[in-house]
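Number of protein chains: 2
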Amino acid sequence: MRLPLHSLSLISRSLSDRLSAIPGRRGVCGAAMRLVQFCRQGDEGGVRVGVDRGEGQGVVDLKAFDPSMPMTMRELLEMGAKGMQCAQRALEVSPAQCVVPFAEVRLLSPVLAPEKVVCVGMNYRDHCLEQNAPIPKEPIIFSKFPSAITGPFDDITLPDESQEVDWEVELAFVIGRKGKHIKEEDAMSYVAGFTVANDVSARDWQMKRNGNQWLLGKTFDSFCPLGPALVTTSAVTDPHNLGIRCLVNGVAVQNSNTDQLIFKTEQVVAWVSQFVTLSPGDVFLTGTPPGVGVFRNPPVFLKKGDVVECQIDQVGVIRNNVV
Amino acid sequence: MRLPLHSLSLISRSLSDRLSAIPGRRGVCGAAMRLVQFCRQGDEGGVRVGVDRGEGQGVVDLKAFDPSMPMTMRELLEMGAKGMQCAQRALEVSPAQCVVPFAEVRLLSPVLAPEKVVCVGMNYRDHCLEQNAPIPKEPIIFSKFPSAITGPFDDITLPDESQEVDWEVELAFVIGRKGKHIKEEDAMSYVAGFTVANDVSARDWQMKRNGNQWLLGKTFDSFCPLGPALVTTSAVTDPHNLGIRCLVNGVAVQNSNTDQLIFKTEQVVAWVSQFVTLSPGDVFLTGTPPGVGVFRNPPVFLKKGDVVECQIDQVGVIRNNVV
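Going line by line, the protein sequences match chains F and A.
Counting along the first sequence from 1, when you hit position 320 you're at 300 in my numbering, and nothing is skipped either side.
Counting along the second sequence from 1, when you hit position 230 you're at 210 in my numbering, and nothing is skipped either side.
Same shape as in the complex, but just chain F (with noise of 0.2 Å):
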């Protein structure tokens, strides 16, 4: 595994504060933190949640500052504003016996067991453009299971099964806060925060086998990559303004911006929530503008030995190898 390029600092506070200001900008978590999910190196075992320092400096060990902090994200967010105000505590004082140098981290995906992995479909208007299809006037759901979801650094495995596997960067979102009905004006108060994710999809299952269903092509094991970092809501300038690219051995074949995006973070959580509870540590991806491979002339699939590398600025930047 690389060690991920920390290229994104934070957001300094004074932007976050006048962000959080803004009626309806400010989501579960007030602060602005990078939050992870990662193992010792050595330690393979063993999950703990931190928070990024940026700049290279390290992670803080949000156990190690606090016995009573949980070791798992989704038990973070589960304990809701205490649990927030403890990273923000622990960012804030970084005592050195609770840093981990990054030389020492292995990321893990921000979030593990969810409970749902929500997916929208066809939401770019210029993926929608590519493939002469209509925009769409509901948002169209689908899901992974939880068992696709795999690290910011680890390995796309493709499966003997398939010979169409392609790429799909996408905005992710998490839940923060369990919900029913909620209405759009109050949905980012639910959102923890953003994470980069790449809804990898084998195009012949999803698109010509299991009648139509796109969950079996959407789902083999490592086929959600998920991180670095859950960043919350707090440090994103403007979640619908931001460039995302996909780069395939070094070379862009998606790059676009959300601002694309035809049902945006707040639609799509009133429009799920109409359906399901949502919960803590739910994960959302938003869906992947123009570029995908089966849409190519001729199309084109991943290989092995392909490095694919997914970017949305402020967020992040996950890559992954396929083997």
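It is worth saying that the hints were derived from the structure and are not from the lab.
Hints are supplied without guarantee of correctness; some may be wrong.
One copy or any two copies: either way a pair holds, since identical chains are not told apart in the list.
Stated by the list, open to error - Okay, derived cross-link-like pairs now, BS3-like style, lysine-lysine, Cα gap no bigger than 30 Å in a straight line:
(1) K284 with K43
(2) K283 with K244
(3) K62 with K160
(4) K43 with K117
(5) K283 with K43
(6) K188 with K117
(7) K117 with K283
(8) K244 with K160
(9) K62 with K188
(10) K117 with K160
(11) K163 with K43
(12) K160 with K283
(13) K244 with K284
(14) K160 with K284
(15) K188 with K43
(16) K244 with K158
(17) K283 with K158
(18) K283 with K62
(19) K163 with K62
Dock chain A against chain F, hints included.
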């Protein structure tokens, strides 16, 4: 809530021993047991795992019998043989102080918060004939979110968002150990046992909206009543030869036999494990026989005040009020 009728007694030890001796028939657990999750009346928060003693003789509280045992079925299954052996011992010994009378028991779904709820569509020959659909050559796999699960005698809540909520009695099974690329001949050794499900379905959302992805119509809160027990594989003579019925307000609307299943338990386990790693607690719904409301002429849908009862011989009965 009405208390369950316990019309089905435990299979005798001698029969279960004979069944377990048949190669490929033995599941995760060699013993014939009806495992339940419950809370004591008045202690609604506290999930407990128990073993149904049969014939109305109450439930052995597993944690009361052995404090090292976990509080949830999923954790019990994750323990493997040790957990099952303890449950078997608890049933045999049944110390009076560990037995909770049925009057004090509120049965919950035998599994809560599984990683996956995997569903098979169009999996009964007679259900395909009913809708003039061809017999599928491969299983059609879709899913519900775990948040849809509700208890065997809990209410089904009609959502304002649907006018076409339908019933579907289904044989469900629960995975007992982790596996990937499982062969059909080994599949039953990954199955902990069977239970009864109602795959409640909002036909408007399943069939006419959401880009033909079935997920939303299948996953409203309370759309997966499950129970009353996880009946271990050894307690079922032949899971593919069981009478299966659904009654609405006492009238039989579905009445078939699991011998009509196109893809049986072993084939479904093998098929799905090509795509995803199966984990203890994963719930599979195997499909429904004919008689659903949407294919009646005129169509019939559930309304407030209805009582839906799903029955599978040897496995049990669930009964849910529609509210």
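A quick look at each hint next to the structure:
1. K284 with K43: neither (38 Å within a copy, 49 Å between copies)
2. K283 with K244: Classified as neither; 32 Å inside a copy, 34 Å across copies.
3. K62 with K160: within (22 Å within a copy, 39 Å between copies)
4. K43 with K117: Neither: 45 Å inside a copy, 52 Å across copies.
5. K283 with K43: neither (40 Å within a copy, 50 Å between copies)
6. K188 with K117: both (24 Å within a copy, 13 Å between copies)
7. K117 with K283: between (35 Å within a copy, 29 Å between copies)
8. K244 with K160: within (18 Å within a copy, 36 Å between copies)
9. K62 with K188: This pair counts as neither: shortest intra-copy Cα distance 48 Å, inter-copy 44 Å.
10. K117 with K160: Within one copy, since 22 Å is at most 30 Å while 39 Å is not.
11. K163 with K43: neither (35 Å within a copy, 42 Å between copies)
12. K160 with K283: Classified as between; 22 Å across copies, 41 Å inside a copy.
13. K244 with K284: neither (34 Å within a copy, 35 Å between copies)
14. K160 with K284: between (42 Å within a copy, 21 Å between copies)
15. K188 with K43: Neither, since 47 Å and 49 Å both go past 30 Å.
16. K244 with K158: within (19 Å within a copy, 37 Å between copies)
17. K283 with K158: between (40 Å within a copy, 28 Å between copies)
18. K283 with K62: Neither. Shortest intra-copy (45 Å) and inter-copy (43 Å) distances fail the 30 Å Cα cut-off.
19. K163 with K62: Within one copy, since 25 Å is at most 30 Å while 47 Å is not.
Violated hints, listed in ascending order, are 1, 2, 4, 5, 9, 11, 13, 15, 18; each of the other numbered hints is respected by the structure.
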